[in-house]
Structures are given as structure tokens and as C-alpha cells.
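> Here is how the chains run, residue by residue.
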Amino acid sequence: MADGMDSNKYDRQLRLWGANGQRALMTSHILLITAGPTGTETLKNLVLPGVGRFTIMDAAKVQERDLGNNFFVTEEHLGRPRAEVTCELLLELNPDVNGDFRVADVASVIEEEPQYFSTFNLVIATQLAAGPLAKLAEICWDSHTPLLVCRSYGLICYVRTQLRDHCIVESKPESDQSELRIAAPWPELEAHCSAVDLAKLDSKEHSHTPYVVLMFQAIAAWKAQHGGQLPASFEEKRKFQQTIKDMARDFDNEINFQEASEHYYKAYTLPCVPEEIQALLAEAQAHDLTPQSSSFRVLLRALADFVAQEGGGLLPLPGDIPDMTSDTDSFVALQALYKAKAARDAAALATHAARHLAALGRPASTIAPDDVALFAKNAHCLLSVTTSALKQELAADASSSAAEGVAEAMEDPAELPAQTPICWYLALRAADRFQAKRGRWPGETAATIALDNQAVWAELQALVKELGVGKGPLGLAHAREVVRAGASEVHCVASVVGGIASQEAVKVVTRQYAPLDNTAVYNGVAGVLGVYKL
Amino acid sequence: MADRYAHLRASLGDELLAKVQAAKLLVVGAGGIGCELLKNLVLTGFLNIHVVDLDIIDVSNLNRQFLFRQEHVGMSKSQVAAAAVKVFNPDATIVAHHGNVKSPEFGLNFVAQFDLVLNALDNVDARRHVNRLCLAKDKPLIESGTTGYLGQVTVIRKGETECYECQPKPTQKSYPICTIRSTPDKPVHCVVWAKELFRLLFGRAEDSMLYEDPAGDEPSAYMATVTARPEASADAITAYAAAVLVAQFETEVAKRIGMDVYKGAKRLPEAVAGGALRALAAEYAQAPSRVARKAGWDRDVWGVEESAREFSACLHDVYSSAALREHVGSMEFDKDDKIAMRFVTAACNLRSVVFHIPLQSYHDAKGIAGNIIAAIATTNAIIAGLQVLEALKIMRAAKPIREACNYVWCLREGTRKGLLLQPTALEPPSKGCFVCGTRTVDVHLDTAALTFGEFVSRVLKSRLGVNEPSVSVGSSLIYEEGEDAAQGLRANLPKRLRDLPGGGVTDGTSLSVEDFSQDLDVTVCVYHRVFDEEEVPDGFVVGGQMPVASAAKPSAEPPSAETGTNGAPAAAAAAAAAAVPAAAAAAAPTAQPAKRGREDGGSEEPPSKRAAATVATAVDTTGGDDDDDVICVGDD
Ligand SMILES: [Zn+2]
Chain A
1 MADGMDSNKY DRQLRLWGAN GQRALMTSHI LLITAGPTGT ETLKNLVLPG VGRFTIMDAA
61 KVQERDLGNN FFVTEEHLGR PRAEVTCELL LELNPDVNGD FRVADVASVI EEEPQYFSTF
121 NLVIATQLAA GPLAKLAEIC WDSHTPLLVC RSYGLICYVR TQLRDHCIVE SKPESDQSEL
181 RIAAPWPELE AHCSAVDLAK LDSKEHSHTP YVVLMFQAIA AWKAQHGGQL PASFEEKRKF
241 QQTIKDMARD FDNEINFQEA SEHYYKAYTL PCVPEEIQAL LAEAQAHDLT PQSSSFRVLL
301 RALADFVAQE GGGLLPLPGD IPDMTSDTDS FVALQALYKA KAARDAAALA THAARHLAAL
361 GRPASTIAPD DVALFAKNAH CLLSVTTSAL KQELAADASS SAAEGVAEAM EDPAELPAQT
421 PICWYLALRA ADRFQAKRGR WPGETAATIA LDNQAVWAEL QALVKELGVG KGPLGLAHAR
481 EVVRAGASEV HCVASVVGGI ASQEAVKVVT RQYAPLDNTA VYNGVAGVLG VYKL
Chain B
1001 MADRYAHLRA SLGDELLAKV QAAKLLVVGA GGIGCELLKN LVLTGFLNIH VVDLDIIDVS
1061 NLNRQFLFRQ EHVGMSKSQV AAAAVKVFNP DATIVAHHGN VKSPEFGLNF VAQFDLVLNA
1121 LDNVDARRHV NRLCLAKDKP LIESGTTGYL GQVTVIRKGE TECYECQPKP TQKSYPICTI
1181 RSTPDKPVHC VVWAKELFRL LFGRAEDSML YEDPAGDEPS AYMATVTARP EASADAITAY
1241 AAAVLVAQFE TEVAKRIGMD VYKGAKRLPE AVAGGALRAL AAEYAQAPSR VARKAGWDRD
1301 VWGVEESARE FSACLHDVYS SAALREHVGS MEFDKDDKIA MRFVTAACNL RSVVFHIPLQ
1361 SYHDAKGIAG NIIAAIATTN AIIAGLQVLE ALKIMRAAKP IREACNYVWC LREGTRKGLL
1421 LQPTALEPPS KGCFVCGTRT VDVHLDTAAL TFGEFVSRVL KSRLGVNEPS VSVGSSLIYE
1481 EGEDAAQGLR ANLPKRLRDL PGGGVTDGTS LSVEDFSQDL DVTVCVYHRV FDEEEVPDGF
1541 VVGGQMPVAS AAKPSAEPPS AETGTNGAPA AAAAAAAAAV PAAAAAAAPT AQPAKRGRED
1601 GGSEEPPSKR AAATVATAVD TTGGDDDDDV ICVGDD
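So the sequence lines, in the order shown, correspond to chains A and B.
Counting along the first sequence from 1, when you hit position 314 you're at 314 in the working numbering, and nothing is skipped either side.
Counting along the second sequence from 1, when you hit position 436 you're at 1436 in the working numbering, and nothing is skipped either side.
Calculated from the structure, these hints are not laboratory results.
Since the model is a prediction, treat every value here as computed from it, not as a measurement.
Positions of the beta carbon are idealized from the N, C-alpha and C atoms, including for glycine.
Below are the DSSO-like pairs computed for lysine-lysine, each with C-alpha atoms no more than 27 Å apart in a straight line:
{"id": "1", "chain 1": "A", "residue 1": "Lys204", "chain 2": "B", "residue 2": "Lys1255"}
{"id": "2", "chain 1": "A", "residue 1": "Lys266", "chain 2": "B", "residue 2": "Lys1186"}
{"id": "3", "chain 1": "B", "residue 1": "Lys1186", "chain 2": "A", "residue 2": "Lys339"}
{"id": "4", "chain 1": "A", "residue 1": "Lys533", "chain 2": "A", "residue 2": "Lys391"}
{"id": "5", "chain 1": "B", "residue 1": "Lys1086", "chain 2": "A", "residue 2": "Lys61"}
{"id": "6", "chain 1": "B", "residue 1": "Lys1294", "chain 2": "A", "residue 2": "Lys339"}
{"id": "7", "chain 1": "A", "residue 1": "Lys266", "chain 2": "A", "residue 2": "Lys204"}
Derived Cβ-Cβ restraints for the label pairs, each shown as a range:
{"id": "8", "chain 1": "B", "residue 1": "Cys1525", "chain 2": "A", "residue 2": "Glu415", "range": "39 to 45 Å"}
{"id": "9", "chain 1": "A", "residue 1": "Leu451", "chain 2": "B", "residue 2": "Leu1108", "range": "50 to 56 Å"}
{"id": "10", "chain 1": "B", "residue 1": "Val1073", "chain 2": "A", "residue 2": "Ala336", "range": "43 to 49 Å"}
{"id": "11", "chain 1": "B", "residue 1": "Val1059", "chain 2": "A", "residue 2": "Asp320", "range": "32 to 38 Å"}
{"id": "12", "chain 1": "B", "residue 1": "Lys1399", "chain 2": "A", "residue 2": "Thr27", "range": "48 to 54 Å"}
{"id": "13", "chain 1": "B", "residue 1": "Asp1334", "chain 2": "A", "residue 2": "Ala336", "range": "36 to 42 Å"}
{"id": "14", "chain 1": "A", "residue 1": "Leu270", "chain 2": "B", "residue 2": "Arg1069", "range": "55 to 61 Å"}
{"id": "15", "chain 1": "A", "residue 1": "Ala60", "chain 2": "B", "residue 2": "Asp1334", "range": "44 to 50 Å"}
{"id": "16", "chain 1": "A", "residue 1": "Leu201", "chain 2": "B", "residue 2": "Ala1273", "range": "22 to 28 Å"}
This is chain A alone, in the form it adopts within the complex (with noise of 0.2 Å):
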């Protein structure tokens, strides 16, 4: 655990992403852009939890608006720079946590220091227009910074992640990860298994032997039998599993050879490599490694040599095995056997990429052994997620990465289909062209209003063409919705955003479960959330 974290504070988040998380959590810096409502919920959700350090940024001064929506902004402050306001405030939350802010238009920086951004782990715009928007995701995409796009509008919540490369390790999947390797045995727990003579034992050691040995002997004696091959079809495999029943004594009351029936299927399933992973290592050995390469990316490299290697075609051994019933000796001696062959599996990866490191000039302690152990047992579950760009997602044509998504979406709308979330996306960026042209929101003078609900269901109809869909369930009405909340922030629903957006930034920077790929937006109205890959 990371030196002053508090276990006591933590305790509760720390039962859900564990030490690594936290670690990850407490050494990133974020840098928040825009202090409103929607800005300011989100970082509050990662200043509790103990993120390392934040900077915010807006060129905004509090104003009697504010008071109203924004939770870290009080009457006293009227006047002041919001940054530096929302920053005092929010520093107050946590102790732990260091926070600075900085006045300044986003646009401006955007214009004039482009590498400021890849300066942080992430970045988080919130209720950024359009024009200035497209840029800074350009900047973060070609800096591999991830960035998280954040906003509320009336009652619709929109985020949307920018992922490149995004390596995960722990992305902790749900099904069962233990591998038993029994029918492709390495020598150590095949000696292991064959030593063990069955017949000589009494009856205690006979029903207490792990089925593990009892299926390496059974798919020993299989094979023996049928030339070498393992039970392929149905009918063999039947067989197989009888086979095992039949080498008990007294089946009904040895619950170890019960297990190992029940468990059949593991003496002759085969290991192998993932196709997502395989595709991983392809793509890690088509590219040389680079002194900017990541550990992940010279883990990856080290991980197809290992492959290639050591593991004659498997990854690293988890290491981890099932309780069963056994004898304690025999089952800690089991136990000892998978863990030893782990931990020389992890070695051989780490000598692989101490080699990969020297080369680079790194030193081998670049990569600490923990680290290369846990890449390791998780070598079968890696992840490396690339969402679409954004300035692919707002391409104004049907080359755009958002025309297919869009139009599955219409073709399978909600219940209620002109509440379908992809609608108010849809309208999200209507609102977003009427802004880019006319330097205002629609709705926000009293006087227009008619006039700014034709001209944003003019240019939903021309977004539409432009992606290549049809209408479906789009009209006049949600082009009334966006014309009416005005681009206005109400409490609640920044509440909604930030408490989403605040969960996928936990992920990406503790780089633990997949994240959101790429879009989610949320109608209040009808409380529907979509997940849209745009």
C-alpha cells in the first residue's frame, strides 16, 4: 500500500479496487476544464476517493448564476475567479489531496500551448463548445492522453471517452480465470501426478487424493489407449468422464473422484492463448519498442517472447488452483506446485524484459517485480482499448465513425422511441452547430425563441443527411427541448453526469475494468441511459 494511505478513510472503496487502485488513484494528476456544476461534481467524486492531485481550469468569474447550481461556490465569492474558488473548496474535502487551478480560457491555451495537456493522466472537459472541443481531443489524441468529455444540458447528461492505447491490466472479468493445465502437464506436475500409485494406497488416502492427479492418470490412461488423442467427440467424452467414475473404489462416498467427474471437461481441455491477447502480441512484436514506451508495452513484447519461449506457445501459469478435497500434504503440495511454476513463469517474463529495457537503456528496475507478476497472472485477460477519435466521431459526412452506431440505434429505439438517448445526441449536437454558427446558445433570449427551435431543427435534418440515416423518430419536438433548457445546468442532473463520468475516470486511471467505449448519454426526462459506440 502506498505510504500515508489511509486504510481506515479508504477502507470501504478499498474493498473494491484494492491497493493497486488506490496506489493509481493517489499518484495521478487530472486536470478538470471548466468549473460549473458538471465539473465540479465530477472532481468532488474523485477528490473523496483520494485522486493524487488536480488543476482546474476557467476563465469565469462567479456570478449570481452560479449560486444556484454550483455546490462549491458560495455568495461570499461573487466576483472571484471560479478556478480558484471551486479549487479552495474542493482541497477542503480531502486533505490528502493537492489541487491548484489556473485562469485561463481553454481556448486560448489550446491555441498557444498545445503540450500543456499531455501533462496529465487525464483530462476532463466539461460543457466545452464544439469549436474549441475538436481541438483539444486532436491534441490529447495524438498525445495519447486520455480524455473524458463531460456535460449536462437541461435534463440530458452526455459523457464520452477518448481512449488511445489505453492498456489495462486488471480488467478483472467475471467468469473463472484458474487453469489447471492437466492435459498439457509441464514436467514438475506431471512427475507429480504419475508418482502417485492409486492402487497402493488404503482407502483414506484414496478418497483424499486431489482430482487433479486423479484426471492427469485418467487422460494418461485415455491416451494410452486411443493412440495419443485426447476425447474429441461428444460420445468419447462421455466415455472419458466414465472412465474416471469407474477408477473409484466407492464413488458414492469419494467426493475427490466425484469432483474430478463432475470437473471432467479440464482433463483434456487444452490451454491456449486468447485470440485478443494473440492479436495483442502480433501487434507488440510488428512494433520495435521505443525509450517512450510504456512498461505495459514492453511487458506486452516480453510476453510474446515468453510465448515464444519458456511457454512453448502458452502464457505465463496464474497460478491459483480450486479448493478440493484432499489431504492437507497433498493438497498444499498441489498448491505449491502451481505457485512455483507462476513465479518462475513471471521471472522468465521479467528477464525478458529486463533484455527489452537494456536495450532501450532503461535499467531493469524500471518495472517493479510486482508488477511484472501481476501483468503476468492477468496475461490471459489484457486489455488495450482505442475508442474512435472524436474528430472521427464529428467527420460531416458518412465517413464518420458515428454513422453506423447512430443508425443501428435508430433502427432499435427504446420503449419509448422518441426518448431513445441517441435522439438527444443527436440534438446535443444540433445545439452544438446552431452555437458554432451564432456565437450563443439556442433559447437564451426570450425573443428568438421560435426562430431558434426551426433553426436547430434545420440543422438536426442536416446532420442527419450528413451521417447518411434516416429521420427515424426526430422532430420539431426535440429540437423544442434543446431551444428551451437553454444550455442551463441544473443540479441533479450534473449530480447524474459527474457521478458517471467520476466512475469511468476512476477506471481509466487505475486502469482497472473496461471502460465506457465511447458514448453515454442519458435522457432525464424518461430516465433512459444509452451506451453508444460512436
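Starting from the known structure of chain A, fit chain B with the ligand onto it as the hints suggest.
Just chain B with the ligand, lined up with the frame of chain A:
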């Protein structure tokens, strides 16, 4: 337009904003969700809010209950929270009540003054009570709960929707005494045992499940060892530690093996060698807690040596301190007390070694011992935001609530269609519900064994959530509680049900149970039945259901099929059935009300209703299958 209500006026419109500003709300709970909720309500324009909470602020609340600071630790949650949000709108009136929502001052008359009630609670018991108050006074109730990345929001309205109790509540899990004492097979069993050993050594020994009457027929040898409390000298304490270790982990184990308790067992337990234990007891100076701690020490798993040394070190800590010594005989287990938790971890691991059960780190043992449910700020924020959006729908009130509102789930990774928030229609009231429907409930129990007192505390209060029961058989009142209750009737409490006045309660007897504080009136039909203690440790079964699977009815769990990422609804449902008790965890009523509040402090578990799928995934995220077991033994 540039005033504090500018954003609201634009989004909600003048008409809805006026309704919002006129409404009077009650928020029950000022914990993780409660803090978010109060902030959201005030900043969404609500001006008149009362908040009730009985808790005081604990340091473990600070990472998500953002209205509280270090300097507030020890103060009333409701009062600090009310003062903190009041700052954000000088027009608002926030009234804080520091107290238990189940106490009479917050009864029917109190609830009658509100337009809407929002629950931000962390236990089933209080949720049931508020549910009944709202039904009685016909107030809409917005219910909420979270577990880790998951959570849900639902709306309850008398006659229109299901009430909180329409679906049978999963009940707390009890372990048969014999599993704990003789045949443990899960880490949780060893943790329970270790807590009982703590009570035997440091607490009210006669309340411990391991206690044996020294004057009884065949008292175990360990009773004499345990009660021979040592002098304060280091040697005496070491000798005592050695004797207790040997008695518990060698002699007692060997004795039970000799009694053939484990015939046909999966694996025989193995006693720890007494010689080794004696040597280790003397090495208490090298216990994990005494050597220089490195970061992450609480994740280390102590083996036999470390556990035995730690066990001895804990005894040294207690007996060499005059202040602690004085409390031997009256200590209560508290997961936040370091000595208690070190002791329980050490004892649990020694016990686990004997029974070949996986060992636990201090951190994991604490999770099991304290029924700790993961809670994070992000989910609380989402759920409280959704609650206010539901409140706005109710205020808008163009349609009946059942049509206007939804039951919303918040999921970790989204459903098959990628929905992270999944709304489903609200169900109509269940006809068979004993609270809002038939007002009849069947109870199967042994009328010759159970006393009326046990019936009142365990069946009526704990299981059925009755607050102040008055019980009649036919026309004669046999029991009542409350201010003017007839004390003479208490004489009925020690009687067996069968021996009650008026012919007794036997197979087929109907009892009329009333609770004026909840405006509840229920007929309890008793059926005589004798249960096997292993199968039904509680000794009674409520309703037609058998004890094993009391998960939600099939129609009530549509999202579960979509929760699993690999499309395995069956597995999800199975996990759900196993996991459901988690929801009731913090709800387990105990004999220590003072501690209760503290344990409930931060675990905002969801209402158990339809919690199946959500909780199942939550359990996956925490990785262990034991966190979900509720620890409660006998009458605990
Ligand atoms: Zn009901």
C-alpha cells in the same frame, strides 16, 4: 434571468419550479446517499426539508460523505449536514432531527406534514418502518440503495405500486451452532467462531456460543483454562496464552476427533501440536503487530506461527494494561478496535488451519467480521441524482406515479444493450403482501419449544419488522408495548407458546398483531412444525417459502438476465440467490443497539427488493463469496 434560479427556471419551467419551492420533504438518513441528496435537493430549488439520522460522524465516513470534515467526527450527522447545505440557499429551511426514525416522535403525525419522503438509509429495518409510515399516511416514498458500483432507485405509492415489503425480504443468515463449534467449512465460520472466542475470553463469557456451564454434566476442559485469568506479569500472561492456545487448537480438536464427530467428513481436521503452540506463545514479541510494519501489512496472511504469536500478543496487550484488564468480562467486539480485530484474525486463522480452510488477511477478516459492504462516492452521486429526478417527476404529476416513475438500476458494465442505467416499469402492489395487501402471514414453528418472548423478539420484531406489537388471541389481549402498556402481561413472555392463556397457541391458531406506531394490523397464523436445527437454524419459517431460496419472484428480476456480460442468466440468478443476504447484512438486528448505528454507518446497501442481479455482480467485484454472508448466530 441571472439570479440563482436562472438555470432551474430554464430547465424546469416556472410552474414546476413553483411546485418544487412549495413542497415539504422528509429525508431519512444523512450518510453517503443522504449527503448527496440534501445537496441536490437544495440546489434543485427545494426550500423546505427535514432530515432525520441517528448516527454520529465516524472517520470512515469522510471519503464519501462530503458534508463532513475531520473536525466533525463525533458530531450528529443530521445536524452537520443540515447546516452545511443551508449555506447554499439562504431561502431554504433545513430542519435536522438527531434520532432514530423508529422512535415515537417521528411517527404517523410527524410524517403527515410532508408531501414526499426520500429514503437514504442503510438498513432494511428502518426501510420497512418508513415504508409502513408512508403507506399509512399515503405519502409517496423514493427508496434508494447502493453496493459498490451498483445501486437502484424506486418509487413507492400506496395502492399504485409495490411497497417495500411486497417482495419477501431476504433474511439474515444464521449459522447452526454445530457448524460453528464443530464443522466449519468456510472462512466466515471461523470468523464467527473467533468472535465467539473473543466474547468468551474478554466479554460476557456466558453469552458466548463456546461457553459451557462449569457445573454442567461434561464441561470441556477449556472452560477451566479460559477462566483462570492471569496476573499482570509477562510470564503469567504467556502461560495463560499458551494454555488457551493448546486447549483450543490441540486438546479440544483432538477430543472432537476422538468423539468421531467427523466420520465421513471431506477432510479430517488436524490439531496443531501443543509444543509448537507453547513455544510460539512465548514469542509474542515477534508477533506481526509488534515487528516494524511495512506498508500493506494488513494484506499479509498470517500463517500458524504468526497467528499464534499474535494471539499471545493480544492477550499480553489486554492483561498488561490496567485500563483494559478492568474491562475483561464486559468487552464487546468492535471491528474498528485494533486489538479485537487482531485477535479475531489470529484466532480465525488458527481455526482455519485446523479445518483446512483458506486463511484471511487482517483486512479480509475485518471485511467479514464487520459485514463491510463496499461503498464509493461515485455511485452515491448517481443514485442521489436519480432520486431527485424521480422527485421532479412526482412534482410534475401529470400522470399517476406508477406511469410517471421508474425503477432504475445502476450497473457496473452495462447490459447487453450497453445500458448502464436500466429503467423498468414499477410493479403494482402484490395482493399477498402482509403489509399493503392481505395483512395475513403464516408462521411455521415449534409451539412446544418456542417461548412467547422469543416469538415476539425474533418473529414479530426481527422478521416482520413490527415496532411496538400488541398481540391478542381471539378477544383476549395477551401482550402489549408502548407508553400505556399493561405491564402485567409481560408475565406471558417466558411461557412456551403452547402454554399461553386461553388454551395456548397451537397448530392453526390465529394471532391478531397490531402496531399503532405503524398503523399496522396483521393476522399471524401459526402452524406447528418441528424443524431440524441444521436446516432451519432460526427455528421458524415465515410464509409458504422454505428457507433456502427466498430470492425475488421470477417476474421481478428481468434485468438479471442481462447483467452477466457473458449472457449467463442462470449463473447470474444462482449467484443472486446466494448473494441476496448481503442486502440484509447491515440490517441484522442485534442485541447491541449502540454498536449497531456504528456498523451501519457507511454501508449503504440497496433495498433488498429485486436486488438479486445487482448484488450478484457486487459480490464478483469484491472477489470473495464470504463477504455476502451475514454473521448472526442464534439470538445475536
Ligand atoms: Zn406491499
